[in-house]
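S.K.: Take each chain as given, in its own frame, and dock them per the hints.
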Amino acid sequence: MPPTDVRKFAAALSASAAAFALTTGCGAESPSQPGSVSITVAGQPTQENPDQLKAFKRKITDFTKANPGITVTGDESSFDVNTFQALVAGGKLPTVFYVPFTEMQGIIARQQAADITGHVGADAAVKRVNPSILKVATSPDSRIYGVPVQAYSMGLLYNRALFTKAGLDPDAPPKTWDEVRAAAKAIHAKTGAQGFGAMTKDNTGGWVLTTMSYAFGSKIQSDDGKQANVNNNATRAALEFYRSLRWDDDTFGSDFLIGYKDITNALASGKVGMIVQGADTYTPVVQSLGMKPDDFGLAPMPQAPGGLGTLGGGSVAIINPRASAEEIKAALKWIEFAEFNKYNNEQAAVTGAKAASADKLPVGAPVLPLFDQATTDRYLTWVKDYVNVPREHFAAYFDSAKTLPLVPEPAAKAQETYGILDNVVQAVLTRRDADITALLDDAQKKVQSAIDAG
Amino acid sequence: MTDATIPPTTERSRGVVRWVRRGGLSTLIFFIPLLASFGLFSWWPILRSLLLSLQRTNFLTSEWVGLDNFARVLKDPLLLTATWNTLWFSILAFVIGFPVPVLLAVFIGELRRMRRIASALVYLPVIFPPVVAVLLWKAFFDPSPKGVFNTVLGWFGLGPVPWLNDGDLAMPSIVLQATWASFGTATIIYLATLMSIQTELYDAAEADGAAVSRRFWHITLPQMRGVLLVMFLLQVIGTFQVFTEPYIMTNGGPENRTVTILMLIYRYAFISGDYGRATALSVLLAVVLSALSAVYLWATRRWSTS
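Protein chains in written order, with this note's numbering: chain F, 441 to 894; chain Z, 708 to 1013.
With the rest of the complex left out, here is chain Z (with noise of 0.2 Å):
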């Protein structure tokens, strides 16, 4: 049979045929479960929500409403109070939460024996599971003068503390908790950063006679570099999530002083069913971070080429 008598069907079966002996097929069927399992389970969700945000649903029948659900969100007195306290613990987490792990990292790194108990013992508090964590800090800042912190409190004489009841004290309460539960994780991965560091630095910046805080300015720091940005990326993306801690501990009290953005999402879903101002909260904040993200990566870029 010539080239000429195949029929345009046959030609277009032997074009399968060979993509099929390239590996096509097998590149697709491996293909198919990470698309399956995206598909699914994040990009359908993601692109759900953004259909959401545009209606009024009651999950029976949806309408379409334009950006209405958008103003009725921006037009929410709470939103610039949940924005705010966000923001404060972000800022908070950030003081508090950021040069502790960096320290431990370097501390533990200095050690020559004990390294490995070091470590897990720093881990330690990641592997309690979050909500039983939190339940445990809840009865540490039990504020009558029998909860853990007032007791121990008392013994100098101070005290009680209101914690968690009191308006300034609840959000760098739960930062506190929350600083407590994450840092171990972010220890690790810096351990393992200064680890890699080459010993060569130290031995050269050691003879040169450089003290120990001048090597941690000059080579500690600027090899950790990369990672460090990285990790305060990571850092502000999840702060500004940031919702298990204070919905188990304070609900957002006292006095909607720890209502955070999530926290918000979850009333408007969950207490008022009002799955439209939800979504369309969840895609203000996905557009904010993203923003956040894209001019974080671009000014590191900009600083690690000048």
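Bound conformation, chain F alone (with noise of 0.2 Å):
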């Protein structure tokens, strides 16, 4: 066709598009009307959690009724490494999204949540959550992009179950690494099942590592940020911890390319014995895997002497950053009303549990207290009807979450340092003629790079 058709049908072409856009809404904001705002809100049960899902939408009329100028949409959608950037670029962001603990440096560096610092009164409830949980969504200059939802801490996981079975006692769970070692010898000899386990891929062997090192003693980053602090004697000892247990006494296993399902599968099948994980493990390995509760043991995170103290994990509420000052400030609100309302409100708390516990999920499972000991014993006793956790079994955890310090993630470039610690781990695990030292100097080179290169 000539020339001038083309440039007559592409005008035409763009002209139709555009009124299909506007015609559908598509690319343009829906008229709203002065003073109302609309917000869609992550966290919405799937429809295989009926109770949860009325509750949700009863929490969600609740809070219209209350805020009327707020509409608010539930969304099902939930963080997965593989689409939230997708989510972000497509703009599908729902104005609420919860975002793991150890995503949330990444988040801030590249600017993908909203700055909330301005829009958190004095009063706010962010402003209670506990200072050493809060850290987790704080840049390092100070500015506020999330409000943690949900906290636990890292500690040792071991199957009570594969205790018993190997004359241990599952009340009286290893206190320190010694300990650990001599139980895994018990149960691998006593049950052949596998005495301890570590991740390795995936970042978690890292994560594990760092959290190990904390335990002996030290940290692997300087706390500004800029010092990566990879090749310490806490790391070194942690490792040296693997190996032995690898090779000396073989209760380690023989597969050391596994991530969280699979050592969470092996944990619940009776496969491994122990393992170091975040105390929240206790959702997934019984709603999912099938573990019986009473078989979930839960002990506080055994310290070397000089130990620093466990790593913290857990959930943050962000807010998309592409939200205006009114969606920031209805989301703000729905954040307190939809996760804090329990903790204030002993009907809120009570409707929840009730839900929860009729979609047969943990009710009381270990969590730390976000605000204060006594905010969460007095949810605790709002609910007691409706615990279906066996709390008393971890009692050890629960006191010392009141004393063991909670030790950040490393400040720069957390992920790429787990990343590169992977492949320590993995080398200690398969070879055994790794040298340690050599190992660690050379992730030190490399992560030192990795935070130099910003």
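There could be a bad hint or two in this list.
Claimed, not checked - Result set (SDA-like, lysine to any residue): computed pairs, CA atoms no more than 20 Å apart in a straight line:
hint, chain 1, residue 1, chain 2, residue 2
1, Z, K782, F, S694
2, F, K701, Z, F766
3, F, K885, Z, E962
4, Z, K782, F, G710
5, Z, K853, F, G710
6, F, K701, Z, T951
7, F, K711, Z, T764
8, Z, K782, F, A890
9, F, K532, Z, R755
10, Z, K782, F, A893
11, F, K666, Z, S979
12, F, K701, Z, I978
13, F, K885, Z, P784
14, F, K885, Z, L786
15, F, K885, Z, L781
16, Z, K845, F, S694
17, F, K532, Z, L843
18, F, K701, Z, F977
19, F, K630, Z, S851
20, F, K701, Z, T768
21, F, K701, Z, I955
22, F, K532, Z, I955
23, F, K711, Z, P867
24, F, K711, Z, D849
25, F, K701, Z, V838
26, F, K711, Z, L786
27, F, K532, Z, L781
28, F, K532, Z, F766
29, F, K701, Z, T858
30, F, K711, Z, S851
31, F, K711, Z, K853
32, F, K701, Z, S851
33, F, K711, Z, K845
34, F, K701, Z, P784
35, F, K532, Z, L767
36, F, K532, Z, F977
37, F, K701, Z, V839
38, F, K532, Z, T764
39, F, K701, Z, F847
The hints are simulated quantities; they were obtained by calculation from the structure and are not laboratory data.
M.R.: Have a look at this one:
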């Protein structure tokens, strides 16, 4: 066709495309009344949990009744590394979205969450969140980018049934790393199961090694996030611990290319006795993997002399960085209502717990107090009739939470650091002759150059 | 009305009418779905990756950074490891995976009966969804003495072999799985080519007293050359883009011995959220593959005319 026709055709095409976009509302702001604002909120339960879903919808109704200017739409999307960037790129990130602690510093560095500092008043619930937990959602220059809504710490998870079978007392789990090693030997000798296990891939190997390093007495990065400190005595001691269980005792199993699903499967099915993992693992192993609640053991993270504490984990509510000031305000109101109301309002606490227990979801699962111990205790008293988790098994863990410091993740390039440390862990576990010092020397250089690259 | 009184717009509209009458419009209408689907799902993403490779973006704001992403990719010490691993995979896949389907096709082609059943059996692995097949093989490669392969080795007093857990064995193990998963398709294509070779050629060779090996060398291979060359090119391009197998079986381990270029791209994009670096490396890979294809096509054209 002649060029003029092409141009005409193109013009007609773009005109009709524009008309289509306008009529379907695509790319155009939906008209809103002055003073009214619409937000979408993640966390909507799926159809498989009908009671939870009903409770969630009721929560929305109650909220909109109390806040007539705000329209809330539920959204089922949840965090996944493979889809998060696409949600941001496509403008489909809900106004309120939940991300794990480990992703938070990366999200802040890439500015993919709204800075809510200016919207958080002195009386906001966010301000009452335990400062060591709030730090996760705070940038190095003290700006707040999210609201932590759930927190747990890493501990020693063990299979109580295997402990009993091995002649160990499931109510007296190991307190030191020597005791862990001895228990691993006993489990392996008496039951044939793997005594101790650790993840090694998807950056989880480095994540757990970091936790182990804290327990053996050193951080792996300077607090300002500028200096890598991977090559330290504590990390060396942690790796030496791995090495002796793997090559001297043979209680560490034989597969060292495993991630979160593999290790939790192994724990739930009684193939491994002990792992270092987040306390929140209770929910997936009991709910999805069929582990009996009474078989799930959770002990405080054993500390070597000079141990610094343990790593924390959890969930942070972030707000879409494209949100307007009104939307941010509405979203913060929603987060307080949806997540914190249960700590202030007995009826809200009971309604939520009742729905969860009707759907056979854990009520009273091991988490850390988000605000303070008294608030958590009050909540637990309100919902005590619905608690279906054997919390008495975790008494030592709950006690330790009061004293064991929560050590934050590396401030810069945490995921890259974990990835580099994955290799060190894999080397120590797959090669008998692995030179720990040389491996850490090499890792130190790589982490430092990742930090320097910015 | 004479032509002289026709205003210019009417003249133009008559051109449109003529164009429509000549079938221009129907051509265009038939062309639009193709144009739209290719444009939207192929060309636009390609163009967008090119643009992204020159930007630093968080998908909210982007800034142009020139060739900075390329510089950062080239400075990454893992790039060399990933390139070597990918090459190693390609070489192994060629050595193990290329001759197998050719020989199988020749063998099946020689069968008088059961040819259909044999080709169906050969094709069977292909119908497994890739992820299922890879997970299945991962279980076969279980490094404990209870693993499938190790149990078999155990019968002969061998093993246990660490398979994927051994830096030297991991890649060959992955190639074994990849070959198993893909040789069916290649075999069927070769078989189809074989079936199209005129039987008179074989009859004549047989009359001249040529043995099976000579018939294979002098008739089968030359007749299959075109297909072999294309399949080789496709295999090179395919193996350079290997991702699923190492991602599921080892996620690059142990000690990055199975990290491939595509896995590095994946890590840049999804683990580090750095789409600039991810697209820069994708562009580099595309350039290398295009260059390889061009050289290859040029060389094969020379060979076929000489």
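S.K.: Quick one: which hint numbers does this structure break? Sort them smallest to largest.
M.R.: 1, 2, 4, 7, 17, 20, 22, 26, 27, 29, 34
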